[in-house]
Amino acid sequence: MWLLVLALLVLRRGRVERTITWAAVTIAISMTLNIDAVYLALDAAAGGSNVVTLVADLALMTGVFLLGRGVMKAADHPPRAVRIALSRVVFGAAVFSASIAFFLIERGATTTNFMLDLGQQPAAAVYSMIHFTYYAVVLGAMAVVASEQVRVSHGILALPPALLVAGCGFGISLTIDIIVMDLAHLAGNTGLMSTAAVFYGPLYLLTFLLLCSGFAGQPFARAVRTRRRERTTRELAARLAPVWQAASDVHPGISRNAEAVFDADDPETLLHRQVVEIRDAMIDTRVAFAVRGADLQSLEDAERHLVGESATPATSTRVRQ
1 MWLLVLALLV LRRGRVERTI TWAAVTIAIS MTLNIDAVYL ALDAAAGGSN VVTLVADLAL
61 MTGVFLLGRG VMKAADHPPR AVRIALSRVV FGAAVFSASI AFFLIERGAT TTNFMLDLGQ
121 QPAAAVYSMI HFTYYAVVLG AMAVVASEQV RVSHGILALP PALLVAGCGF GISLTIDIIV
181 MDLAHLAGNT GLMSTAAVFY GPLYLLTFLL LCSGFAGQPF ARAVRTRRRE RTTRELAARL
241 APVWQAASDV HPGISRNAEA VFDADDPETL LHRQVVEIRD AMIDTRVAFA VRGADLQSLE
301 DAERHLVGES ATPATSTRVR Q
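One point on numbering: in full-length UniProt numbering, the residue at position 174 of the sequence shown is 174, and numbering is uninterrupted.
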């Protein structure tokens, strides 16, 4: 989780939206608090009553809430059910209910096996089930949003949301498994509890691996696509350079005007200016200028590239007019 935090700080630097990064930080803090040596030291300082369990669990709940909110912000029009599931009201209700249940538990001395040692208490079972029911609700809402992102994304950009969908699926399975263990422990059915415990480790690992990969993969995928687009833009600009020069000779455009605002160092700006000035020369009846063969194909490729890879023939035609 701390590696994910580092990756997000590097890959998302300069971005105003920090919800996902803060989510990763709070979840990393929660997991750090659950390291036995850290937990024992902090809980001893807090009076040895397992109160650090509540701090760690609420940090995880906050992180999951922020993750859900971050994913929802990426959607244009999330369904009403998703907005409700990821609302502050539902989060606040879950935090309040879990806190009340926690203080009803007879917690005894510090233990690093909180639910194993105390899970036979109804309050402890309710405490755990409140947390994991909330996680399942948030993960379900995230899966809905991420599924829509998979549908509308193309190429490498579809991989991160697909990983999120898979991670949410395993996460929901993990919450169901834990709730089964809670109920089995409460009922004294150790056989069922042991059977469910077999699935806990793999589900936990797959959930965090896939969710971390999905969130870290989003800025990485965008960076890769940006670099690919810039490379393609430069290649197209180089292919059009001779045609642009010929067009400018017979029909000078603003690129020849020293007072015009024109940033030739920006590949997108340069390619757009090339296309515009070549087309201007082609349609101006006062000059004789035509583009044919491979040069015309390069021009059309540049037009399609500027309007996006998914541009339709009709869209490309409108751009050329």
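The hints are simulated quantities; they were obtained by calculation from the structure and are not laboratory data. Here a beta-carbon is modelled for each residue, glycine too, at the ideal position from N, C-alpha and C. There may be inaccurate statements among the hints.
[Claimed, not checked] Label-pair ranges, simulated between beta-carbon atoms:
(1) D36 - G169: 39 to 45 Å
(2) T226 - R83: 39 to 45 Å
(3) H77 - R18: 21 to 27 Å
(4) A290 - L6: 31 to 37 Å
(5) A246 - V150: 44 to 50 Å
(6) H154 - P122: 46 to 52 Å
(7) V150 - A290: 22 to 28 Å
(8) K73 - D265: 40 to 46 Å
(9) R227 - P122: 54 to 60 Å
(10) H77 - T190: 22 to 28 Å
(11) F96 - L116: 36 to 42 Å
(12) L192 - G169: 52 to 58 Å
Right, here's what the structure says about each hint:
1. For D36 and G169, the hinted distance range of 39 to 45 Å is not satisfied, since their beta carbons lie about 30 Å from each other.
2. Here the CB-CB span from T226 to R83 is close to 30 Å, at odds with the stated 39 to 45 Å.
3. A hinted range of 21 to 27 Å for the beta carbons of H77 and R18 is consistent with their spacing of about 23 Å.
4. The supplied range of 31 to 37 Å is broken by A290 and L6, whose beta-carbon atoms lie about 55 Å from each other.
5. Separation of A246 from V150 is about 45 Å and conforms to the stated range, judged on CB atoms against 44 to 50 Å.
6. In this structure the supplied range 46 to 52 Å holds for H154 paired with P122, their Cβ-Cβ distance being about 51 Å.
7. The beta-carbon spacing between V150 and A290, approximately 45 Å, falls outside the hinted interval of 22 to 28 Å.
8. As the Cβ distance of K73 to D265 is approximately 33 Å, the hint placing it in 40 to 46 Å is violated.
9. Between R227 and P122 the Cβ separation comes to about 56 Å, which falls inside the hinted range of 54 to 60 Å.
10. Between H77 and T190 the C-beta distance comes to about 48 Å, which lies outside the given range of 22 to 28 Å.
11. Distance hint check: the CB atoms of F96 and L116 are about 26 Å apart, inconsistent with the given range 36 to 42 Å.
12. The supplied range of 52 to 58 Å is broken by L192 and G169, whose beta-carbon atoms lie about 23 Å from each other.
Checked against the numbered hints given earlier, this structure breaks hints 1, 2, 4, 7, 8, 10, 11, 12; the rest are met.
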